[in-house]
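Novice: The primary structure of each chain is shown beneath.
There are 2 protein chains.
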Amino acid sequence: MPTGPRGPLSEVKALTFDVFGTVVDFRSSIIAEGHRLAEKHGFEVDWPAFADAWRAEYRPAMDRVMADESRWLNVDSIYREALDMLLEKFDIRGLTEEEKVELNLIWHRLEPWGDSVQGLERLRKRYILATLSNGNVRLLVDLARHAKLPWDVILSSEIARAYKPDPRTYQSAVDYLSLQPHEIMMVAAHQYDLRAAQSLGFRAAFVMRPLEHGPAVSVDLTIDDSFDVVANDMVDLARQLGL
Amino acid sequence: MPTGPRGPLSEVKALTFDVFGTVVDFRSSIIAEGHRLAEKHGFEVDWPAFADAWRAEYRPAMDRVMADESRWLNVDSIYREALDMLLEKFDIRGLTEEEKVELNLIWHRLEPWGDSVQGLERLRKRYILATLSNGNVRLLVDLARHAKLPWDVILSSEIARAYKPDPRTYQSAVDYLSLQPHEIMMVAAHQYDLRAAQSLGFRAAFVMRPLEHGPAVSVDLTIDDSFDVVANDMVDLARQLGL
Numbered sequence: 000m001p002t003g004p005r006g007p008l009s010e011v012k013a014l015t016f017d018v019f020g021t022v023v024d025f026r027s028s029i030i031a032e033g034h035r036l037a038e039k040h041g042f043e044v045d046w047p048a049f050a051d052a053w054r055a056e057y058r059p060a061m062d063r064v065m066a067d068e069s070r071w072l073n074v075d076s077i078y079r080e081a082l083d084m085l086l087e088k089f090d091i092r093g094l095t096e097e098e099k100v101e102l103n104l105i106w107h108r109l110e111p112w113g114d115s116v117q118g119l120e121r122l123r124k125r126y127i128l129a130t131l132s133n134g135n136v137r138l139l140v141d142l143a144r145h146a147k148l149p150w151d152v153i154l155s156s157e158i159a160r161a162y163k164p165d166p167r168t169y170q171s172a173v174d175y176l177s178l179q180p181h182e183i184m185m186v187a188a189h190q191y192d193l194r195a196a197q198s199l200g201f202r203a204a205f206v207m208r209p210l211e212h213g214p215a216v217s218v219d220l221t222i223d224d225s226f227d228v229v230a231n232d233m234v235d236l237a238r239q240l241g242l
Numbered sequence: 000m001p002t003g004p005r006g007p008l009s010e011v012k013a014l015t016f017d018v019f020g021t022v023v024d025f026r027s028s029i030i031a032e033g034h035r036l037a038e039k040h041g042f043e044v045d046w047p048a049f050a051d052a053w054r055a056e057y058r059p060a061m062d063r064v065m066a067d068e069s070r071w072l073n074v075d076s077i078y079r080e081a082l083d084m085l086l087e088k089f090d091i092r093g094l095t096e097e098e099k100v101e102l103n104l105i106w107h108r109l110e111p112w113g114d115s116v117q118g119l120e121r122l123r124k125r126y127i128l129a130t131l132s133n134g135n136v137r138l139l140v141d142l143a144r145h146a147k148l149p150w151d152v153i154l155s156s157e158i159a160r161a162y163k164p165d166p167r168t169y170q171s172a173v174d175y176l177s178l179q180p181h182e183i184m185m186v187a188a189h190q191y192d193l194r195a196a197q198s199l200g201f202r203a204a205f206v207m208r209p210l211e212h213g214p215a216v217s218v219d220l221t222i223d224d225s226f227d228v229v230a231n232d233m234v235d236l237a238r239q240l241g242l
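Those sequence lines, one after another, are chains L and Y.
Taken in order, the first sequence gives residues 0 to 242; the numbers are from numbering that gives the first Met the number 0.
Taken in order, the second sequence gives residues 0 to 242; the numbers are from numbering that gives the first Met the number 0.
Only chain L is shown next, with the shape it has when bound in the complex (with noise of 0.2 Å):
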């Protein structure tokens, strides 16, 4: 067991994991998914420019709701506000709503990264898994059951009511699981989120995810001597963590 840079990891009891893009590989799952869509219609369409646009158009819209909070919109609902933005800008007919609700729920049939589910079932064996997205609930729910992802509990901006990287849906993770936050550690492969959870007093693994905007992006993958764990995946996690 690892000693981290803020004391020893034995006191770990929960692992909080940021979901999509560190669980899921969002990017190729709506990729394949329009590809399908496109064959179907005989659409031809720049599916990755598609997928980093949609994907793009999340953390704007979750910023306008948080400036706003009294119009709370669920990621499900800022998907499909931007999936219809889209779809024009696309020049992408011909749809029905029927087509359209139902790819807009690629968001709930996304595949897992590789290593996630072995990486996962590992973990478990010791600790709570909860997951602390942004998603929502329902999304996170049948997420977990397309893609088998063995959470013990599902937590959520939804539930706390603001997205991350606000403080209240850290806190909300040391209130349900009645835990000190140094008993929790954050699982993310996005540096504000651990951050952020760091200055509730969280621990945080950095799990690199060098592929999450495809080939052609390069991700911050600085290594942060703060960081107790910097995984190259959930197994090596795992593995760095005894289990």
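Warning: the hint list may mix true and false statements.
Taking lysine to any residue pairs in the SDA-like style, the calculated list, with each CA pair at most 20 Å apart, reads [unchecked claim]:
1. Y:Lys-147 with L:Val-116
2. L:Lys-124 with Y:His-145
3. L:Lys-124 with L:Leu-242
4. L:Lys-12 with L:Arg-144
5. L:Lys-99 with Y:Ser-177
6. Y:Lys-12 with L:Glu-101
7. Y:Lys-12 with Y:Gln-170
8. Y:Lys-147 with L:Gln-197
9. L:Lys-124 with Y:Arg-144
Everything labelled a hint here was simulated from the structure, so no lab data went into it.
Could you slot chain Y onto chain L? The hints should help.
Specialist: This is chain Y only, laid out in the frame that chain L set:
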């Protein structure tokens, strides 16, 4: 697939479960734990009476919380307050604080009824399985890990910040599952719980647990025509739903 009194059950997509009494057998588990503790310390205690008295404190304490919502008290804390009172009443002396904490955690290690795990595994093939319990999230997580209950999602009064039968608890399931009420079936051994869910439009499955309060106490097993399914246990429920 049967048709309930309010229409075909083929629309049901998720089952929400009461847990204590319906899925797990708190009484036998507490009696067994009590005997282990008594042997260690040389106590003589009427453990069935102790278990019944402990459970009996639960409803009035929740009612007090609902009467003054400014002070939310989770079920772990409710049981702990009741435990301190009962240790005195049953003249159980000499337990350390650590032993009291451990005894209170018995609620996290209850045993399931013999049919529960098999029934839930079958039901999960078609339905999203959610808890909808007054237990707090961590309590339900520990219980699921201990008893191998295959929940897809932990929903709790602690998240809704209202104890059943308050309609807000059931409404929270509608919201987080992103379903219509008639797409959800409440599964419980307690009629008040089913009726509260029905009044929001849920379907209702009554699972009879005649031994919930021990062999000497008769339980209300009246079968109401408004229940969509009446089952002898979870395996019977799965069978009646064609699984």
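Novice: So, for every hint listed, does it hold in this structure?
Specialist: Going down the list of hints, with the structure as the test:
no., hint, result
1, Y:Lys-147 with L:Val-116, "18 Å, holds"
2, L:Lys-124 with Y:His-145, "12 Å, holds"
3, L:Lys-124 with L:Leu-242, "8 Å, holds"
4, L:Lys-12 with L:Arg-144, "24 Å, violated"
5, L:Lys-99 with Y:Ser-177, "17 Å, holds"
6, Y:Lys-12 with L:Glu-101, "17 Å, holds"
7, Y:Lys-12 with Y:Gln-170, "16 Å, holds"
8, Y:Lys-147 with L:Gln-197, "32 Å, violated"
9, L:Lys-124 with Y:Arg-144, "10 Å, holds"
The structure is inconsistent with the numbered hints 4 and 8, although it conforms to all the rest.
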